[in-house]
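Dock chain L against the given chain W, drawing on the hints supplied.
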Amino acid sequence: MDFALSSEQLEIRELALKFAKNEMIPHAQEYDEAGTFPHEIFRKAWELGLINTCIPAEYGGTGFSSVDSVIISEALAYGCMGMNTSFMANDLALLPIVIGGSHEQKKKFLEPFTQDFKIASFCLTEPGNGSDAGGIKTQIKDGGDHWIVSGEKMWITNAGYADLFVVYGTIDPNLKHKGISAIVVDPKSPGIELGKKEDKMGHRSSDTRGVRFNNVKVPKENMLGKPGEGWAIAMKTLDHSRPLVASSALGGSARALELCIQYSKERIQFGVPIAKHQAIQFMIAEMGMKVEAARLLVHKAAWLCDQGAHNTEIASYAKAFASDSCMQITTDAVQIYGGYGYSKEYPVEKLMRDAKLIQIYEGTSQIQRLVMARELLK
Amino acid sequence: MNIFVCVKQVPDTETKITPNGDGSFIETASIKWIMNPYDEFAVEQALLVKQANPAANVTVVRVGSVKDTEALRTAMAMGADEAVLVEAVDNLDSYSIAKALKGAIEKTGKKPDIILTGKQAIDDDALQVPQILAEMLNLPSVSVIVGFELAGNTVKVKREVEGGALEVYEVATPVLLAANKGLNTPRYASLPGIMKAKKKPMAQFSLADVGVSDADRRVKYSGFKLPPEKPAGKKFDATDATKQKDVVAQVVGLLRTEAKVI
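Going line by line, the protein sequences match chains W and L. 377 is the number that numbering that gives the first Met the number 0 gives the last residue of the first sequence; the numbers go up by one with no jumps. 261 is the number that numbering that gives the first Met the number 0 gives the last residue of the second sequence; the numbers go up by one with no jumps.
This is chain W alone, in the form it adopts within the complex (with noise of 0.2 angstroms):
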């Protein structure tokens, strides 16, 4: 057994690390605030490698395995929860192509994505379907030469800036989940409505909108894998970009834990800094406990993912986990800096309304206690 990081994993995250720092720490709070979108910090994220880290080798990409992506998701997180979002949708809609698509798919809708920058969204979630993915209701009809895609979908991240849908339909609603398939499809076709940007409560830099599809064509190559594999293809895509997410949790914790402990040296109450206080001090150890469980469950979920494991239970450990220690903990910071902590002036409010997102999407905090307990109890 080896918990150590590799030199090579060593160095890739003290540059994700630099990165956060220096790009994106500064402009966090100015960005949420205005609900921009971190165009320009993508653009430089990516020139340096750090984003699409699933693409393969063989198709220009960096071919890093799912522990070398954690290790940077956690750092960008670090950064910015609210612009990690962004950055991981791109990996989230890349990731059925890299597990459905043919050789020529990857090819044609891979390459471009590693030899510029561009952005790319998930389309699975309705306005009526979140939890219960298996009842989509958007449909893929088969049109002759090309299939029609009509339906919904809602809370697509950076919807209003894709340059590649990856859409989640049914051939057959009455086919329930054999009937789910998964579509490439280019936004600028026609019969694509964009809703307006979400505002919401955290990941405010994040694009969030909803997607009507009015009897979009698009070509027949594009359905990845055979019509009906799409839900197969949703269920893989779950093990590697759980891990991902649970990660993103950990670097919003773990940047907590270091606001506190900085700020809890600073700060004199009774005639000296309150980490003296052992009420202080007894939410700090339990930060940094959360934080290296988090961090054993991301990583192992995702190197159980690079062995080609089953790795569902574990996934699900490290999402749930991960999300609902960073509420906790984060929630803990804001008592910990106090009135300042309320205050948007300090930087752990932020944190705290960032948290919550991260236990509601990409499987709730319920479903993964669901998926566990049918894995347990299997």
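The hints are all genuine.
Among the chain W residues that face chain L by a calculated CB cut under 10 angstroms, a handful are:
| hint | residue |
| --- | --- |
| 1 | F18 |
| 2 | E46 |
| 3 | L49 |
| 4 | T52 |
| 5 | T61 |
| 6 | I71 |
Cross-link-like lysine to any residue pairs, in silico, SDA-like; alpha carbons within 25 angstroms at most:
| hint | chain 1 | residue 1 | chain 2 | residue 2 |
| --- | --- | --- | --- | --- |
| 7 | L | K15 | W | E257 |
| 8 | L | K195 | W | E22 |
| 9 | L | K198 | W | S5 |
| 10 | W | K275 | L | T14 |
| 11 | W | K20 | L | T68 |
| 12 | L | K224 | L | A28 |
| 13 | L | K197 | W | F2 |
| 14 | W | K275 | W | G338 |
| 15 | L | K180 | L | A150 |
| 16 | L | K180 | L | V167 |
| 17 | W | K264 | L | I16 |
| 18 | L | K106 | L | M201 |
| 19 | W | K264 | L | K15 |
| 20 | W | K275 | L | K229 |
No wet-lab data here; the hints were simulated from the structure. Ideal placement from N, C-alpha and C gives every residue a C-beta, glycine not left out.
Here is chain L on its own, set in the frame of chain W:
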């Protein structure tokens, strides 16, 4: 065109420095090493020259411990072609370092056209190596440069002087130039760059290989210790006009006998 960049590896600016057990140097076991920030400007300038002259070769040279080669690997990940490392203790003096750098440059067999360095290292702040090295190589040198324009065999450099004024020099190559902040914005080492750096050559020499011996030491460290903690200041109440004369006499007396500054 052969460009050499001399880099130093220094403790990260956030490191808490403590003397080691016997006070012979600082505790290095827990230090996170980084490339000296001024040297990053030197590396970036070399890479900018290489971008404009694809045939140019950029070699980074460092004298120091081999345990951690962070600075050289970073420079190669940023885009330098190769590296030379001279193994030495981390508290060598400026003269020995300059002599070792000269020896290492000569060992490569490449005739330098431009040598770039940072104007100073942020650990010991000696500000000597660039000038000593230039003297040893019999090259012209300009330090504290904030502007660089290469045209043929001439470099036009701007250097900062007191009061924020700039001096402009035209120097013929070969030349040694020491960079200041403001010269450029150093690039990040990209992830593909980090991968490529692993395959780039790094030559390694001992001090003896490059002609440096103990006899070259001009400065020996007698000990390292933290500065004494500053005692609390003294306050003198001079609000009562009748007592001001006494208070002033008292202050002046203490400045003479205790603070010993007058």
